[in-house]
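Q: Okay, here's what each chain looks like letter by letter:
2 protein chains.
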Amino acid sequence: MAEQVKTKMVNGIDMDVLQSTVNAIQEEPELGKCMFRVSNKWLGANHNCTTVTSFYGAKQEIDHKQSFEIHADEPAILAGQDQGANPVEHLLNALAACVTTSMVAHAAVRRIHIEELESELEGDIDLQGFLGLAKDVPKGYTDIRVKFKVKADTDNIERLKDLAQYSPVFNTLINGVNVDIQIEPK
Amino acid sequence: MAEQVKTKMVNGIDMDVLQSTVNAIQEEPELGKCMFRVSNKWLGANHNCTTVTSFYGAKQEIDHKQSFEIHADEPAILAGQDQGANPVEHLLNALAACVTTSMVAHAAVRRIHIEELESELEGDIDLQGFLGLAKDVPKGYTDIRVKFKVKADTDNIERLKDLAQYSPVFNTLINGVNVDIQIEPK
Chain F
0 MAEQVKTKMV NGIDMDVLQS TVNAIQEEPE LGKCMFRVSN KWLGANHNCT TVTSFYGAKQ
60 EIDHKQSFEI HADEPAILAG QDQGANPVEH LLNALAACVT TSMVAHAAVR RIHIEELESE
120 LEGDIDLQGF LGLAKDVPKG YTDIRVKFKV KADTDNIERL KDLAQYSPVF NTLINGVNVD
180 IQIEPK
Chain L
0 MAEQVKTKMV NGIDMDVLQS TVNAIQEEPE LGKCMFRVSN KWLGANHNCT TVTSFYGAKQ
60 EIDHKQSFEI HADEPAILAG QDQGANPVEH LLNALAACVT TSMVAHAAVR RIHIEELESE
120 LEGDIDLQGF LGLAKDVPKG YTDIRVKFKV KADTDNIERL KDLAQYSPVF NTLINGVNVD
180 IQIEPK
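Residue numbers (numbering that gives the first Met the number 0), protein chains in the order written: chain F, 0 to 185; chain L, 0 to 185.
Isolated chain F (complex conformation) (with noise of 0.2 Å):
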């Protein structure tokens, strides 16, 4: 059958470059260990950037091509000025870029081909959380709709599905994690 023989790239993927790394983490399981970093910078009332430059990984610092500065805000209704997507709004598509990413390449370890893959993510807060006004009211969102398109073979659709438990950060928000704040004077 054509669509089984083995092509370099698969869903755009450099099926060399992907199976190499996965070989050598298999091989050596301490190559698989990463540390990702960024750093913020406040610009006054709710604007702010985080810049994003390098990661530890394959037990080595590896800096990433260019420099990438990220910008949140706030609504006007939320007393911003609107020079960003807002913090809340960041989570989705932190969640919306892996869940796409996981999918698709697993998706190519399998030599399932997907032409196009579109996404709608919702997700609900109830601000008298943030605010304080009520403590029974969770501060972060409760619940969170992903909504996928995929042209694709119809058989393949529901594996996608499966695949997409895959990502790393849908499975950092359904577990949890823990987080520790420091703060000291500058």
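Don't take every hint at face value.
[As the list claims (entries may be wrong)] Where chain L lies over chain F, by a calculated footprint (3+ residues, C-beta under 8 Å):
#, stretch
1, 14–21
2, 170–178
[To be verified] Capping the alpha-carbon separation at 25 Å, the derived lysine-lysine pairs in DSS-like fashion look like this:
#, chain 1, residue 1, chain 2, residue 2
3, F, Lys32, F, Lys58
4, L, Lys58, L, Lys148
5, F, Lys40, L, Lys150
6, L, Lys58, L, Lys32
7, F, Lys185, L, Lys150
8, L, Lys64, L, Lys32
9, L, Lys150, F, Lys146
10, L, Lys148, L, Lys160
11, L, Lys58, F, Lys146
12, L, Lys134, F, Lys40
13, L, Lys160, F, Lys134
14, F, Lys32, L, Lys58
[Unchecked claim] Stretch by stretch, here's where chain L covers chain F in the computed footprint (C-beta under 8 Å, at least three residues):
#, stretch
15, 66–72
16, 98–111
Honestly, the hints are just simulated from the structure, not real lab data.
The C-beta atom is built at its ideal place from N, Cα and C for all residues, glycine as well.
Start from chain F and add chain L according to the hints.
A: Only chain L this time, still in chain F's reference frame:
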């Protein structure tokens, strides 16, 4: 004491706007219910783009002043083209932005003046989990560390640490959240 005179702007935030939002939600809790949304489109390989346009809050649909586009990709070692921060870096951005904004806004309400605020975040992920190479290794972040440096009255630094706890993204991450994923053919 001069510093306790109530001024309209604290930490760059218009206190009249912030206080009127707080008062309105306190009087009519339904106004606090928000639904934030993003849409995402896969652009091939590990590259995808999120668009943020509008949200629901204060019992109405509200458009941002402009749409925001946020790109995600992976570095070369993870088989990407490095055209944006990767999804787990975007998650750290969401956390950095949210704790910063929460701290600044809650400080403003308490008339705690902040002159400068910066943070460094790092998070640990072992790729063996994401790659499905070891079932006992978590797929998401296991630990995230946030280090703030703040220029403010030193008496207030411990209070600022407490105010960080109001952050919606922080609370979502430490408590976990329900995430429902649906997928349908396009």
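Q: Does the structure break any of the earlier hints, and which numbers would those be?
A: Of the numbered hints given earlier, those the structure breaks are 4, 9, 12 and 14, listed in rising order.
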